[in-house]
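Add 216 to the 1-based position in the sequence shown for this note's numbering, that's all there is to it.
These are calculated hints, taken from the structure and not from any lab test.
Label-pair ranges, simulated between beta-carbon atoms:
1. Ala438 x Thr298: 54 to 62 Å
2. Pro342 x Ala438: 39 to 47 Å
3. Glu444 x Glu382: 47 to 55 Å
4. Glu377 x Arg417: 22 to 30 Å
Heads up, the beta-carbon is just placed ideally off N, CA and C, and yes, glycines get one too.
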Amino acid sequence: MRPSRAARLSLGVVIAVLLASGGAGAALLLVTPTVPASLAESSGPETVPVPFEEFADPRQVEAGFERAADVSLVSATEGLLTASACRAGESFSSGTSSLAVDGAPVLSLATATPLWRDLVKGDRGPDVRALQEELVRLGSPLVADGVLGEGSIRAIEHLLEEASGEDEQLAAIPRSRLLWIPRPTVTTASCGLSVGGPVERGSAVAVVAGGIAALRLPSVPADVLPGERRLLVDDAVLTLSPEGAVTAEADLRSFAATVSARSALATEGTTTVRAEYVLANPVRVGVVPPSALFAFEGERGGVVADGSPARVEVVSSELGRSAVVFPDGEEPASVAVLPEARSCG
217 MRPSRAARLS LGVVIAVLLA SGGAGAALLL VTPTVPASLA ESSGPETVPV
267 PFEEFADPRQ VEAGFERAAD VSLVSATEGL LTASACRAGE SFSSGTSSLA
317 VDGAPVLSLA TATPLWRDLV KGDRGPDVRA LQEELVRLGS PLVADGVLGE
367 GSIRAIEHLL EEASGEDEQL AAIPRSRLLW IPRPTVTTAS CGLSVGGPVE
417 RGSAVAVVAG GIAALRLPSV PADVLPGERR LLVDDAVLTL SPEGAVTAEA
467 DLRSFAATVS ARSALATEGT TTVRAEYVLA NPVRVGVVPP SALFAFEGER
517 GGVVADGSPA RVEVVSSELG RSAVVFPDGE EPASVAVLPE ARSCG
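Please build the complete structure, drawing on both the sequences and the hints.
As structure tokens, then:
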């Protein structure tokens, strides 16, 4: 709201009187605001707090893979095929049933070692351990010790009951109730049996895509922070060799189970997926405004941290924020926004 004309005139009169009487100093007091003592005493540069976070130095990459040969899923039982969910392009998943023989569901199970015998309590061997490891992956509270116990039998019984909706009474684990699949989820290329037709031991139930034989980076990104690296594909965390290859069989299976890998395998001619190349052990970084940095030398620069100049390594820079590593793991509380210092030494 504008002051009234009378008020403006009164102010003009006061100023005129002061000037006429040589009161220029008094007039200055009228128009110059008083600076609070707390502000007058603060003559240093403005500071901001430094938040700290974990930084994995992520790099977007294209990972190339090699397809393995297709695999036939072979029946371990015989009888009449009474139900089948097999369709080209669909999938078989471990722990579920996609077919039934003589009215009894057959459970798909992905184990590192195919099951080759009926298993009874007390049996030992790599096939027992492989079974237990897969049951643990599916959520059963077991110990994979390679010795078949009551818990493993009850776990298979429970999965069959979920598939059939009926009670199962198992004294052992019959191989005839299981269908081995090479990975937790496999994509069907073709189906070999029809509902109402005969099933024989050793007959091909379906042919599934062979999955992944190899996975590697065509080239390892340059100018990255030193340290062991991982490859992230969807929710899979994969260990890399120094040459950028995934070699562990368990990691290849984890990759093959991702949405990205399954989509790529289902697309003819596709041999790459998008991934992230990250540090296995992220570094601790402070986030500062770019204006806080000075005296750049390559990847290094200076800041005034908690009132003292400090040399830092700049590991990432985005609009409005720079991620820096302080020497010796220090974590200062604040940095100057526009430091007066021009040197760290």
